[in-house]
Amino acid sequence: MMPAVIVPAPDALPLPAPVFLLQILLHLTFLLHLVAMNAMLGGLILTFYARLKGGDPSAPWTKLADTLSKVTPSLVAATVTLGVAPLLFLQTIYGQFFFTSSILMGWGWFSVVVVLIFAYYGTYLQSFKGRALGGSRTPLLGVTLLLFLWIGFMFSNNTSLMLNVKEWAAMYFASPKGLHLNLGDAQLAPRYMHMVLGSVAVAGLMLAWWGRARVRAADPSGEFMVTVGMNAFTWLTLVNILIGLWYYVAQPAHVRKLFMGGDITATALFGVGFVLGIVMVVAGFRGSKHGSRIELWPLTMLTLIQLVTMIMMRDTVRNGTLGADFRPATFEVQPQVLNLVIFAVMLVGGLVLLFWMLRQFYVAWNR
Amino acid sequence: MNYPVWELPMGGGVLIAVVSILHVFVSHFAIGGGLWLVVTEMRANRNRDLDLRAFVKRHSRFFLLLTLVFGAISGVGIWTTIGLVSPHGTSALIHGYVWGWAMEWVFFFIEIAAAIVYYYGWDKLNTNVHEAIGWIYFGAAFISLVIINGIITFMLTPGGWLENQNFWTGFFNPTYRPSLVIRTFAGTAIAGMFTLLTAANLARGNFRGRVTRWNAGWAFFSMLGVIGGAFWYKSAIGVWDANEALLGAIPVLPVVAGYFKIGLIITTALAVIPLLVPKLWNKGLVAVLLIVGLMTMGAGEWLREAGRKPFVINGYMYSTGMLVSDTARVEDAGMAASARWISPEAATSEVRLGHDLYLAYCQVCHTMDGYNGLRPFLAQWDEETVASLVPLTGHMRALMPPWYGTEEENAALTAYLMTEKPPEPGLWPADPVAAEQLAWDISCGLCHTVSGFRPLIDSFAGQSPEEIDGFLDESGDIVDEMPAYFGTAEQRAALVRFLHKMNPPEGAGDQAAARPGGNEGRDS
Ligand code: HEM
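In order, the protein sequence lines correspond to chains L and R.
Okay, so the first sequence: first residue is 1086 according to our numbering, each after it adds one.
Okay, so the second sequence: first residue is -3 according to our numbering, each after it adds one.
Excised from the complex, chain L in its bound form (with noise of 0.2 Å):
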């Protein structure tokens, strides 16, 4: 018999802002979270990339894993604080179907939560530690790389069973226990390589700023920082562009469509994201040629451009697989508009005071 295709109802109280502004806070939050994400994610991946190169202490790979280790427990606390606001919003509007798998999932969700107390104590080890570590030091930094490799792997099955919604049923009945993933499905790896590898590239952008900052502060280090950075950067985008399409081509048909004419905008972000990764992988390339003389400004903008170009495709990939089962436009609103003031006034005012802040920290530093 085959079993029923089941979507809990949404909530019964009303939303407290039109879905329209709940999905730009999404977006824009999200953002965020994704760069700060990609800079401790890539970044980790390049700190053990470098530690298995390394070499004595003076070695250039050796210093390079130093450096990073030191701000990867800071990187880890901005990913952290800035994913809360987008999984608040994530279960706002899509809370329906974020709640259903994330109880089909049971254990393997709940994971995160253990797995990133321990990743997380595993980078102030290497940052407090560091070298007194010994022998133990690099295979200590791959276990706390793969416990955060979990915890993204965890998040892509989420997010993508969160929309395979006609598997649910029948995973369920078949066991309540909490054990599923979403590994039958097929657009699973290519979304989550996508993402590691993208992390990987964005953090290699952010190594080529500093080291480009750090040469001019005549440090001479920070000249390998930069080609190391410029190499990954250039080379995983290549592979990137190879994956993305690997991704499109793990979509159900229906929503293959869209970015092939079916929708304009979904053919227009397809477009613009496809030739986006061309031109930064060519201008990686000639870039590169420049050694720490580089221009960054151009790359950054175009990869910022990509990464926005990137969230709106997910959103569309996700509003055109739940289609019909995903209705914003029948959720009842009352908006909270004085709570949405207060909200802005207190975002502002701590952005600001957030800035104050790192701005001591950053003329102290350089005293």
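Check each hint, because a few of them may be wrong.
Distance condition first, Cα-Cα at most 30 Å in a straight line; then the derived DSSO-like pairs of lysine-lysine [as the list claims (entries may be wrong)]:
hint, chain 1, residue 1, chain 2, residue 2
1, R, Lys279, L, Lys1214
2, L, Lys1155, L, Lys1138
3, L, Lys1214, R, Lys120
4, L, Lys1155, R, Lys120
5, R, Lys53, L, Lys1148
6, R, Lys417, L, Lys1262
7, R, Lys53, L, Lys1155
8, R, Lys230, L, Lys1214
No wet-lab data here; the hints were simulated from the structure.
Chain L is already provided as a structure; the job is to place chain R with the ligand on it using the hints.
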């Protein structure tokens, strides 16, 4: 009902309890400890006390590692866990309070950033700026408490929100202020406890004595604040009468309440030692203090959670996700039709239907063998007993959500529960007293207590065992909510002895009879 249910061997409630008790302890430390850091740093700076300054710096690393990593992530962890165990409740909280959470998030990121800048800024930032960052940290942490406290207390005492569903009515609910007082002082008390830990690692001497006393002052005087707050809370919680009945209805709760009270006293008393005689203070005592403190906090949180039974949001939504406003519709439609996740197989298999109903309506609160385990009861019951009890679960003293099963659904739930009955008959205790207690627990004790909720202490006064035995024959005819007695001959004999012995000595029954009659009002 609306969402699938995660079948956890130990029960979702236990998972939530573990995550949240640990988180709550550390997150309160994150608030009070922030105040301790900046106040103590200022004191050190003003008095040019370099030792004290070094101590604050040293403690701040511990603080960073504990609160930033464990504290922050376990907080995300509670959210994750309640989303898994109680998705409908989480969803409601998020829908009603998106902007509350969003505001909370603003202060969360300020707090995290300030903690990092504070720690890495030691000896780099100039003193004034460093102190200012410390205040920013504490301010942000405290405001995040001010916000989250509104949402947490809302769940237990939503007050006028039930009528107007207004954000601020629910936020500033009847227990908002006392709860804020308790939590603020709990934070500074825990700060005192953890800094006593750091101090216990110092070399013995004058300085250690001085810091120990300072930290003990934080712990001790804050505990007085907690106790004061607890009294205020008790008087402010308008539903406390109902809670008193709840405490009487579920025997384990008065025990937990007792632990809470004793814990408060022990914690306060322990903190006196380092305050008066810092020399006597050592690592062993710190460990005891921290453990007692953690358990006390755990007991308090547990009471607050249990006080909501059988609701997630008091008076609005049951633990199973059923809305109070929806009960009439559910009663009409039946339980299966009101739950989404009933497998197609249930159309043909009675046991499967029962299993799916169990998951949808019972699993949130019950396990088979662990927390609130049902199997030990099933072991003693036959099918007839289970069949007679299933329709009455909503009327038991445990304050379960109403159950509106149709005849078919009752039969299905019974059939499923019978499959969970262990194959060998339950062991009947050889000890007569244990046997009498068990005979009570598995029958009358499901709905009555001796002298608390729906008391029976007076009902059989002066009756002979034969008369009591006679009552058991007709107990099914008295009220609809009370089933006929189905025990085995052995169980029945033990129960009659129990009821007979229960007779109060002269005069002792008055007090019991004066107790509130129970929570029947909540069922309707
Ligand atoms: C620190 C370890 C973390 C890593 C490595 C990580 C990684 C990722 C990855 C790979 C994705 C994309 C998944 C996909 O769609 O394929 C993602 C999405 C997301 N992450 Fe994180 N994440 C981390 C922590 C967090 C935390 C702690 C939160 C929230 C508290 C969070 C919130 C989110 C949300 C809400 C999304 C989905 C946004 C959307 O689909 O619109 N992340 N994360």
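Results of checking the hints against the structure:
1. R:Lys279 x L:Lys1214: Holds, at about 25 Å.
2. L:Lys1155 x L:Lys1138: holds (18 Å)
3. L:Lys1214 x R:Lys120: Holds, because 21 Å separates the two Cα atoms, which is no more than 30 Å.
4. L:Lys1155 x R:Lys120: holds (17 Å)
5. R:Lys53 x L:Lys1148: holds (28 Å)
6. R:Lys417 x L:Lys1262: Distance ~20 Å between Lys417 (chain R) and Lys1262 (chain L) Cα, so the pair holds.
7. R:Lys53 x L:Lys1155: holds (19 Å)
8. R:Lys230 x L:Lys1214: The hint is violated at about 48 Å.
Taken one by one, the earlier hints fail for this structure only at number 8.
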